[in-house]
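If you read the sequences in order, they're chains A and B. Position 75 of the first sequence, counted from 1, bears residue number 75 in the numbering used here, the numbering being contiguous throughout. Position 185 of the second sequence, counted from 1, bears residue number 185 in the numbering used here, the numbering being contiguous throughout.
Source of the hints: derived by calculation from the structure; they are not laboratory data. Take the hints with a grain of salt, since some may be wrong.
Stated by the list, open to error - In silico DSSO-like cross-links for lysine-lysine, where the CA-CA straight-line distance does not exceed 30 Å:
| # | chain 1 | residue 1 | chain 2 | residue 2 |
| --- | --- | --- | --- | --- |
| 1 | A | K32 | B | K480 |
| 2 | A | K83 | B | K882 |
| 3 | A | K83 | B | K889 |
| 4 | B | K928 | A | K47 |
| 5 | A | K83 | B | K221 |
| 6 | B | K501 | B | K435 |
| 7 | A | K52 | B | K481 |
| 8 | A | K52 | B | K967 |
| 9 | B | K803 | A | K83 |
| 10 | A | K32 | B | K282 |
| 11 | A | K32 | B | K691 |
| 12 | A | K26 | B | K356 |
| 13 | B | K449 | A | K47 |
| 14 | B | K501 | A | K32 |
| 15 | B | K449 | A | K52 |
| 16 | B | K433 | B | K480 |
| 17 | B | K967 | B | K928 |
| 18 | B | K160 | B | K883 |
| 19 | A | K47 | B | K433 |
| 20 | A | K26 | B | K501 |
| 21 | A | K52 | B | K884 |
| 22 | A | K26 | B | K928 |
| 23 | B | K604 | A | K26 |
| 24 | B | K374 | A | K32 |
| 25 | B | K221 | A | K26 |
| 26 | A | K32 | B | K889 |
| 27 | B | K282 | B | K356 |
| 28 | B | K282 | A | K52 |
Model, not experiment: these values are computed from the prediction.
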Amino acid sequence: MLYINCPHCGMRPQIEFSYGGDASVKRPELNKEISDQEWDDFVYNRKSLRGKHLELWQHISGCRQWIKVERDTATHEIFNTFKADEEVA
Amino acid sequence: MSQDFRLESIGLINRDKKLSFKFNGKKYFGYEGDTLASALLANGVHLVGRSFKYHRPRGFFGAGVDEPYAIVQLYRNNETEPNIKATEQELFDGLEAKSVNCWPSVNFDIGAINNFLKIFLPAGFYYKTFMWPKSFWYRIYEPFIRKAAGLGVASTKHDKERYEHKYEYCDLLIAGSGPSGLSSAYAAAKNGAKVILAEDKPRFGGSLLTSDVNIGNQSGKDWAEGIIAELKTMPNVVVKNRSQIFGYYDHNMLVMSEKVSDHLPKTKKYHPNKRLWYIRAKEVLISSGSIERPIVFGNNDTPGVMLSSAAKEYLKVYGVLVGKNPLIFTNNDSGYETAIEFQKHGVQPVILDSRKNPDSEIIDEAKSLGIDIKNSYVVVAAQGYKKVKSADVASISDDKKQLGKIENIKCDCICVSGFWTPSIHLASQSGNKTKFKEEIDAFVPGISKQQETTLGAANGVFSLEETLQTSFAKGRELSKKITDNDNEVSIPNVVEKKSSKHDKFWCVPLPAGKNYKRFLDFQNDVAVSDIEIALREGYRSIEHVKRYTTLGMATDQGKTSNLNGLQLVSEIENKVVPAVGHTTFRPPYTPISIGAIVGREVGKHSKPTRKSPMHAWHEKNNAVFVDAGVWLRPRYYKRGNENLFEGSKREAKNVRTNVGVCDVTTLGKIDIKGPDAAELLNRVYTNAWLKLPVGKARYGVMLREDGIVMDDGTTTRISENHYHMTTTTAQAANVLSHLEYYLQLVWPELNVNVVSTTEQWAGAAIAGPKSRDVLQKLFPNLDVSNEGLPFMGYMEGDLFGVKARIFRISFSGELAYEVNVESDNGNFMWEKIMEVGEDFKIQPYGTEALSTLRIEMGHVAGSELDGRTIPYDNSLEGLVSKKKDFIGKRSLQRSAFTAEDRQKIVGVVPLDKKTSIPEGSHLVKDDKAPLPNPKLGHISASCWSVEYDNPFSLAILKDGKNMIGEKLFAMSPLKNKVIPVEIVSSHYVDPKGERVRS
Ligand SMILES: [Zn+2]
């Protein structure tokens with residue numbers, strides 16, 4: 001079970017969180033004309049990375065904030081966590 | 001029967017407490033502090049079971065967790081538990097156990113015929129033989145295998161034992177209470193660190209209980225007792241015996257199974273049987289010791305052949321002689337230690353040492369005691385079927401290839417020592433890449449992956465002095481890092497005998513003309529010849545060899561077989577062991593009860609149960625409840641002998657003719673506040689929300705980004721910047737997360753707050769032509785006329801002194817209202833509704849009637865919004881705005897979603913107007929068409945229409961809009977039904993929706 005540092009609550013066990021997928025995906029702006037390909041990439045197409053991955057988690061049984069977690073998908077090492085509005089370098 | 005093999009002068013058992021027990025129906029005696037294994041051995045019982053594949057007689061090989069064969073079926077307190085290791089099970093009064101793997105009995109076993117047919121059961125036998133013909137598998141092979149093989153039998157009864165889970169945090173978690181565990185725990189405890197010290201055995205001390213050493217001028221055992229006693233007094237230390245750390249998981253979380261009650265005849269009241277500890281440790285010290293390695297020789301599985309360390313443990317801890325005429329077969333000094341203990345207790349052993357002329361303090365002591373030692377000698381084969389009777393022995397050449405003349409020596413046990421294998425399982429589980437250490441011919445932990453350190457024998461350090469020094473230092477160093485304290489602990493002086501180097505020898509060659517089985521894996525019956533076959537057949541990777549032969553894949557995870565298997569492969573392949581590689585260990589280290597893993601999450605505790613504030617009223621009024629997610633909802637209110645069909649029909653009919661009331665507390669409710677609330681709703685729902693006036697409700701549908709309907713519900717504008725959203729019961733949590741996702745991540749510029757208020761409000765839906773009369777009586781001062789409170793209107797009122805929200809919304813399709821009050825007033829509201837409704841023949845109705853009412857109205861619910869449908873499919877396309885953008889809109893342009901013959905919701909009526917259509921039935925054109933019959937659609941929901949008094953169903957049907965009037969067949973192979981049906985409009989009752997507006 002992972003041990004995740006919620007930027008709002010501190011170190012909390014994984015059971016308090018739910019996974020939210022790739023954090024690097026940007027939703028296209030509203031009312032913008034976009035191609036089928038762009039939309040497909042946003043809705044469906046994800047890289048199944050091995051290694052460092054920036055992903056979303058929601059602290060559902062805690063502060064309910066969505067956070068970004070930089071995690072190694074192979075080793076589960078967590079390098080860093082960020083608030084939703086924090087820029088990730 | 002007397003305990004013929006028990007010594008009076010030695011052992012840590014309590015001779016004042018004699019315990020009786022039964023094995024295979026026969027009564028024996030043992031003492032408190034015995035294991036089942038030691039008690040049986042004290043009685044001279046060596047035959048405990050039959051082996052897995054060949055059903056060969058098997059006895060005891062070890063004295064603890066490494067035991068590969070002494071597995072029994074245990075009977076305790078009218079319950080039975082399979083696969084218990086006799087070497088771990090503590091004796092209690094009245095214990096009963098039976099052998100497994102034998103039928104009809106351990107002494108006469110039909111499966112033993114496999115032993116004589118073993119030529120037909122080589123490696124890969126199951127893969128090769130039972131593959132063909134396929135039809136034989138179920139009828140012949142499987143029943144045969146099940147009857148003849150397998151381990152114990154699980155109980156089919158409900159397990160009445162209680163298992164608990166516990167979460168714990170500590171600075172240092174120490175696995176194993178031998179010399180390294182005790183020293184590091186002591187040093188860390190003195191620095192004020194929070195320490196948990198876990199020992200899987202009942203007694204603390206590990207190897208100190210059996211080794212002949214002195215620490216600080218006392219025996220190793222006494223020193224261990226002193227340290228444990230002091231640790232127990234320290235508030236920052238938890239010491240746990242009977243506790244096995246079996247798994248090392250991510251981020252330094254380890255799981256430990258504590259056997260709380262297994263050593264007792266019966267679990268004490270309010271106590272668990274086992275307790276599973278989830279421990280998050282800052283640092284982990286692995287001091288799990290090492291396991292003695294066997295030497296491989298002919299018939300090395302005969303009862304009476306066992307590890308020399310086990311023989312020593314039976315002697316020193318339990319006062320039990322495993323034989324009175326022991327033969328010790330060793331390649332290192334450990335065998336001598338066992339021999340010396342035998343000799344000291346009046347039994348003359350013979351030592352066969354594969355080494356030519358070893359020399360050490362220990363060997364000198366053995367010689368001075370007059371022990372018969374034969375150098376460059378090996379056991380070629382054990383003789384005796386159900387028990388060792390003698391051994392064929394021979395001298396061996398220096399290159400270990402040639403055997404001398406075979407002689408036979410009488411003996412009643414063979415104690416084997418092939419040196420030591422560090423228990424690296426936990427380190428390996430943590431992700432540590434282990435490395436091969438040439439000097440000890442075994443793997444030791446390499447570079448740490450997590451915060452873990454391996455000490456002592458587990459790290460391949462077999463000198464006690466070095467172990468104590470490094471362990472004290474490590475405990476001090478790691479605890480200092482955490483607590484900042486640095487208290488010096490003086491390291492006691494150690495007296496231990498120096499030993500000489502072991503022999504790199506592990507397998508005795510076969511003598512000419514003999515084909516003895518030489519076992520590597522004792523539990524899975526994998527012999528040297530099986531590995532040879534696998535390699536001959538082209539298997540190279542150790543992982544493949546392992547799976548093909550099942551080497552190391554038994555429940556003991558190859559604790560005694562892994563290295564010998566690797567040695568064999570490396571020898572045949574002419575590679576060094578590290579080049580062959582070795583398998584990664586995975587949790588659990590040893591089998592763990594499923595009950596302990598499940599814990600308290602059984603039966604109704606497997607999920608939370610939520611009840612509405614009116615639950616007690618429902619119970620009092622004969623509600624029959626149904627699970628709705630985690631909620632309990634009344635399905636119908638039983639009157640007399642009514643069944644579900646009759647009761648729900650009565651309730652639904654009363655709504656259509658008079659008035660009914662339904663508990664809708666379970667609907668999800670989300671409070672939405674902020675200046676941008678309308679904008680959020682406008683983006684989340686498919687329809688327009690910017691112009692909804694205060695005091696009005698609107699029905700809305702929300703999509704996922706892929707265009708699939710996520711949920712529906714009504715949202716009401718309570719005031720300028722305040723909305724009250726309702727969701728379906730099932731989707732409440734998901735919708736809240738969905739809103740939070742968009743507000744926090746996608747559109748953080750929107751100034752809106754959302755919070756769940758599901759539990760804050762109790763809700764009652766009052767539905768039926770007379771619902772306005774009821775509402776008027778509840779709120780006599782309000783104008784609830786069609787003009788005062790029109791359809792989709794909202795107002796607040798005072799319900800006999802209680803603040804209430806009134807929504808004119810309808811799920812049943814009748815004139816209807818929903819009243820919400822704060823949860824604490826829910827029951828008060830409900831009783832008032834029932835009271836004023838009496839004049840109008842009000843009846844409560846449950847979820848079954850609710851479904852009937854919505855189905856015949858063609859209102860969609862979870863069975864249509866099933867995660868596969870878009871708005872069009874549910875005839876909700878009118879709610880999809882063409883002007884504004886919203887979540888999922890772009891996906892609606894997908895060609896499949898805009899296809900001319902896209903599926904759509906329709907109504908379905910059986911032609912005979914009698915036969916109910918099972919939900920899930922498929923709609924087909926031709927009921928006689930060859931399979932697979934092309935499916936046009938499926939029945940999503942079925943009811944008995946109370947309006948027309950005949951069955952009615954909803955279906956999602958291909959090209960639904962052009963299918964009205966068509967005749968099809970509803971087929972349910974599950975229910976074996978073929979029903980001719982007609983497709984009608986989904987709006988079966990009141991298609992123009994006049995009632996809700998009346
Ligand atoms: Zn948090």
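*Could you work out which earlier hints the structure fails to respect and list their numbers in ascending sequence?*
1, 2, 4, 5, 8, 9, 10, 12, 14, 18, 20, 21, 22, 23, 24, 25, 27
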